[in-house]
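Engineer: The primary structure of each chain is shown beneath.
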Amino acid sequence: ETGVTQTPRHLVMGMTNKKSLKCEQHLGHNAMYWYKQSAKKPLELMFVYNFKEQTENNSVPSRFSPECPNSSHLFLHLHTLQPEDSALYLCASSQDEGRVETEAFFGQGTRLTVV
Amino acid sequence: AQSVTQLDSQVPVFEEAPVELRCNYSSSVSVYLFWYVQYPNQGLQLLLKYLSGSTLVKGINGFEAEFNKSQTSFHLRKPSVHISDTAEYFCAVSEKGGSEKLVFGKGTKLTVNP
Chain A
3 ETGVTQTPRH LVMGMTNKKS LKCEQHLGHN AMYWYKQSAK KPLELMFVYN FKEQTENNSV
63 PSRFSPECPN SSHLFLHLHT LQPEDSALYL CASSQDEGRV ETEAFFGQGT RLTVV
Chain B
233 AQSVTQLDSQ VPVFEEAPVE LRCNYSSSVS VYLFWYVQYP NQGLQLLLKY LSGSTLVKGI
293 NGFEAEFNKS QTSFHLRKPS VHISDTAEYF CAVSEKGGSE KLVFGKGTKL TVNP
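Keeping their order, the protein sequence lines are chains A and B.
Position one of the first sequence corresponds to residue 3 (the working numbering), numbered consecutively onward.
Position one of the second sequence corresponds to residue 233 (the working numbering), numbered consecutively onward.
Warning: the hint list may mix true and false statements.
[As the list claims (entries may be wrong)] Derived DMTMM-like pairs: lysine to aspartate or glutamate, alpha-carbon spacing no greater than 20 angstroms straight-line: (1) B/K338 - A/E86; (2) B/K281 - A/E105; (3) B/K338 - B/E252; (4) B/K341 - A/E46; (5) B/K333 - A/E86; (6) B/K333 - A/E55; (7) B/K338 - A/E55; (8) B/K301 - A/E55; (9) A/K43 - B/D240; (10) A/K42 - B/E327; (11) A/K42 - B/E320; (12) B/K290 - A/E105; (13) A/K43 - B/E320.
Honestly, the hints are just simulated from the structure, not real lab data.
This is chain B alone, in the form it adopts within the complex:
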């Protein structure tokens, strides 16, 4: 069965600084990978997903993530964050050819300070 580890439960940064939110996964088969964002008092919204092809995936709001198969990682990055990026970010994985159910990490709370 697959699993997801988000090493950082909280990441505080200053506005306009770069940020990287880490995600590592474990699976015995090939996977699909996702990042979701949850703004305060909101549901989850898809930021980006990796299904196949280029390992660098660009998403909404200037975020991007890179799939690294050898390191089983899918870290999320943004070169310059805004106050409005303050939210909780969830990494999720789904096994190809399996049930394809999403398995989520515990989330990383990103706080952007002025």
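Chain A on its own, in the form it takes in the complex:
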């Protein structure tokens, strides 16, 4: 248990569905991240939030919509996804964005399958 909890652990959704992924951390961290992990590809940083403000969007398609209502919670809203969006979505948190001296803690991920 790393202190970062993601729900659900598994999600199967159709291309016309709308769903949300949730991430919660009780480590007192100020920065939260969404990563996408696809087979045979490097881990891709999607979004970064620091003190609830989005500080980075790595050219992610608009069908992925993040929300950070407070420093402890991060959501990823999904709509009209494509089969190639199937992947493991990992949430992480760290004390401060841009300070790698502080360790990033990862959740267990949500395995998303788009059918």
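Given the structure of chain A, go ahead and fit chain B onto it with the hints provided.
Structural biologist: Frame of chain A; chain B shown alone:
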């Protein structure tokens, strides 16, 4: 921009054998270097990191890595592996003084066989 190359996508070894997982990076500036481990159905966990100082870094579970600036490498080693070390291992780099975002390699799947 920095990049990370993990040359071996899969490394099978026998239990109690030594192992080395290779990582090379590319960057125009000084870097921080990391190794993360991902056990089946788990998130990533930090094994060790190099920020500055001694080039030999010791991490959890008996792993260590050596930073070699001239060869731009940060290979991960363990003298004797266990079945429980079976996992995927990711090397990551971050540029000092830059955005300090982590850039990951594609990962190396270590399988320890009895």
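Engineer: Does each hint hold? Answer for all of them.
Structural biologist: Evaluation of the provided hints:
1. Restraint check for B/K338 and A/E86: the C-alpha separation of about 18 angstroms stays at or below 20 angstroms, so the hint holds.
2. For the given pair, B/K281 sits about 9 angstroms from A/E105 by alpha-carbon distance, which is consistent with the 20 angstroms threshold.
3. Of the supplied pair hints, the one linking B/K338 and B/E252 holds, its CA atoms being roughly 16 angstroms apart against a limit of 20 angstroms.
4. Of the supplied pair hints, the one linking B/K341 and A/E46 holds, its CA atoms being roughly 18 angstroms apart against a limit of 20 angstroms.
5. In summary, the hint linking B/K333 to A/E86 is not supported, as the alpha carbons are separated by about 25 angstroms, beyond the 20 angstroms threshold.
6. Restraint check for B/K333 and A/E55: satisfied, since their Cα atoms lie roughly 16 angstroms apart, inside the 20 angstroms limit.
7. For the hint linking B/K338 to A/E55, the alpha-carbon distance of about 29 angstroms lies beyond 20 angstroms, and the restraint is violated.
8. With a C-alpha separation of about 36 angstroms, the suggested pair B/K301 and A/E55 falls outside the 20 angstroms cut-off, and the hint is violated.
9. For the proposed pair A/K43 and B/D240, the alpha carbon gap of about 13 angstroms is at most 20 angstroms, so the pair holds.
10. For the hint pairing A/K42 with B/E327, the CA-to-CA distance comes to about 24 angstroms; that exceeds 20 angstroms, so the pair is violated.
11. Pair hint A/K42 plus B/E320 holds up; C-alpha atoms about 12 angstroms apart against a cutoff of 20 angstroms.
12. Restraint check for B/K290 and A/E105: satisfied, since their Cα atoms lie roughly 15 angstroms apart, inside the 20 angstroms limit.
13. Of the supplied pair hints, the one linking A/K43 and B/E320 holds, its CA atoms being roughly 13 angstroms apart against a limit of 20 angstroms.
In the structure shown, a violation is registered for the earlier hints numbered 5, 7, 8 and 10, in ascending order.
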